[in-house]
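Read off the chains here:
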Amino acid sequence: MTKILFRRLTSLGFYTIVDGIKMKVRIEKKILESNDACAAAARSFFEKNSIGCVNIISSPGSGKTTILARTVRELKGKMNIAVIEGDLETDRDAKRIQAEGAQAVQIETRGACHLTARQVTESVHSLELAGLDLIVIENVGNLVCPSDFDLGEGKRVVVLSTPEGDDKCAKYSKAFVKADVLLLNKTDIAELLEFDFDRVKAEALKLNKDLKIFEISAKTGDGMQGWYDWLAENFKS
Amino acid sequence: MHEAMVAENILESILDAAKTQQGRPVRALMSCGQINAINDEAMEFAFEAAAMETICEGMKLEVKHLLMKALCRKCNCDFDFDLRSPICPECGESDFAIGDDPPLLLEEIEFE
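Protein chains in written order, with numbering that gives the first Met the number 0: chain A, 0 to 236; chain B, 0 to 111.
Calculated from the structure, these hints are not laboratory results. Fair warning: there could be bad hints in the mix.
Label pairs and their in silico Cβ distance ranges [unchecked claim]:
no., chain 1, residue 1, chain 2, residue 2, range
1, A, 33, B, 88, 31 to 39 Å
2, B, 14, A, 209, 23 to 31 Å
3, B, 96, A, 121, 28 to 36 Å
4, A, 228, B, 57, 29 to 37 Å
5, B, 56, A, 117, 42 to 50 Å
6, B, 90, A, 125, 45 to 53 Å
7, B, 57, A, 33, 20 to 28 Å
8, B, 59, A, 32, 47 to 55 Å
9, A, 40, B, 88, 35 to 43 Å
10, B, 59, A, 72, 50 to 58 Å
11, B, 72, A, 110, 52 to 60 Å
12, B, 18, A, 196, 20 to 28 Å
If the Cβ cut is set under 10 Å, some of the chain A residues that face chain B in the computed set are [as the list claims (entries may be wrong)]:
no., residue
13, 24
14, 25
15, 28
16, 34
17, 48
18, 111
19, 113
20, 145
21, 172
22, 177
23, 179
24, 180
Nothing here was measured: the structure is a model prediction, and the numbers come from that model. Just so you know, even glycine gets a beta-carbon here, dropped at the ideal spot from N, CA and C.
Can you build the whole structure from these sequences, using the hints too?
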């Protein structure tokens, strides 16, 4: 068997191995390169303009929009926040935020299970950026897919609500391991659901010791101050 | 099904590479980390669907799974971090700094 081996270094960094009629080409190309490049550009844009950016990830129905609606209402005058809403269909969430007097843009993904950096960048163009402290991106409700897509955010927040159960951190570890904050929402009904906060916190911290955890109820407002303080510490210019 | 988007990106890269190669692409190898959450079956299905009616139709896509690196803050040991058992293999502590997840990478393509 004659094995012909040659390396051809091209401008693309390929090298080729020819073995009989089969030929292997080393590519080493980042698959989500275009998303990563777009996210990096967005990140440096936010930094240059001193605008914070948070990406919120959770299952559908965990209360992301309720948390954000209350946050923009209670921080009005203290912190200028705009929201980018991601959903498969409808502009309901953007309307809820706008009703609180804050800027909001809706992205309808038409079936896609996550937001991409390009969609976010396009939405940022339609925001009035002057005087803005923070852009919050509410990702599509999904605890799996959005973890993969960098949106150019400075911090990542995960929301877990008590009806989802206290065993989710280990089950969906990918969402928690790279997050900065965990908001445990719907504490007002936790007792009824026998939700074990200690278990969740232990599991989450085992995955990510640096995780900041806040127990909140976006409905009653309980515990929200800790979250507001964290926002102010990290994003008030 | 974020695999669908990954599949489209892979297909695009293979079609690009095929322009400068002789023969037909028959096999490709990709690698990913744990946070990428790539399911082999879903990936295979998504790629098959994306490749339909292109020169990549019928190609085999192999997926290699890689672990993240972590550094234990207690004993300073470097180790492969497994999301399913997040503890330091040396001292059993769970206080560590986690490195970046291995990127989704199209490693090689085989032409025939």
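These are the hints, each one checked on the structure:
1. A/33 to B/88: 31 to 39 Å: 37 Å, holds
2. B/14 to A/209: 23 to 31 Å: Since residue 14 of chain B and residue 209 of chain A have Cβ atoms about 41 Å apart, the given range 23 to 31 Å is violated.
3. B/96 to A/121: 28 to 36 Å: At roughly 34 Å between Cβ atoms, residue 121 of chain A and residue 96 of chain B fall inside 28 to 36 Å, so the hint holds.
4. A/228 to B/57: 29 to 37 Å: 57 Å, violated
5. B/56 to A/117: 42 to 50 Å: For residue 117 of chain A against residue 56 of chain B, whose Cβ atoms are near 28 Å apart, the range 42 to 50 Å is violated.
6. B/90 to A/125: 45 to 53 Å: Check passed, 51 Å falls within 45 to 53 Å.
7. B/57 to A/33: 20 to 28 Å: For residue 57 of chain B and residue 33 of chain A the Cβ distance comes to about 26 Å; the hint holds.
8. B/59 to A/32: 47 to 55 Å: Once the Cβ atoms are compared, 23 Å apart, the range 47 to 55 Å for residue 32 of chain A and residue 59 of chain B is violated.
9. A/40 to B/88: 35 to 43 Å: 39 Å, holds
10. B/59 to A/72: 50 to 58 Å: 54 Å, holds
11. B/72 to A/110: 52 to 60 Å: 42 Å, violated
12. B/18 to A/196: 20 to 28 Å: 57 Å, violated
13. 24: The hint holds - residue 24 of chain A has a Cβ within 10 Å of chain B, the shortest such distance being about 5 Å.
14. 25: It holds, given that the least Cβ distance between residue 25 of chain A and chain B is near 5 Å, below 10 Å.
15. 28: 5 Å, holds
16. 34: 8 Å, holds
17. 48: 26 Å, violated
18. 111: 7 Å, holds
19. 113: 6 Å, holds
20. 145: 8 Å, holds
21. 172: 4 Å, holds
22. 177: 6 Å, holds
23. 179: 13 Å, violated
24. 180: 16 Å, violated
Checked against the numbered hints above, the structure breaks hints 2, 4, 5, 8, 11, 12, 17, 23, 24 and satisfies the rest.
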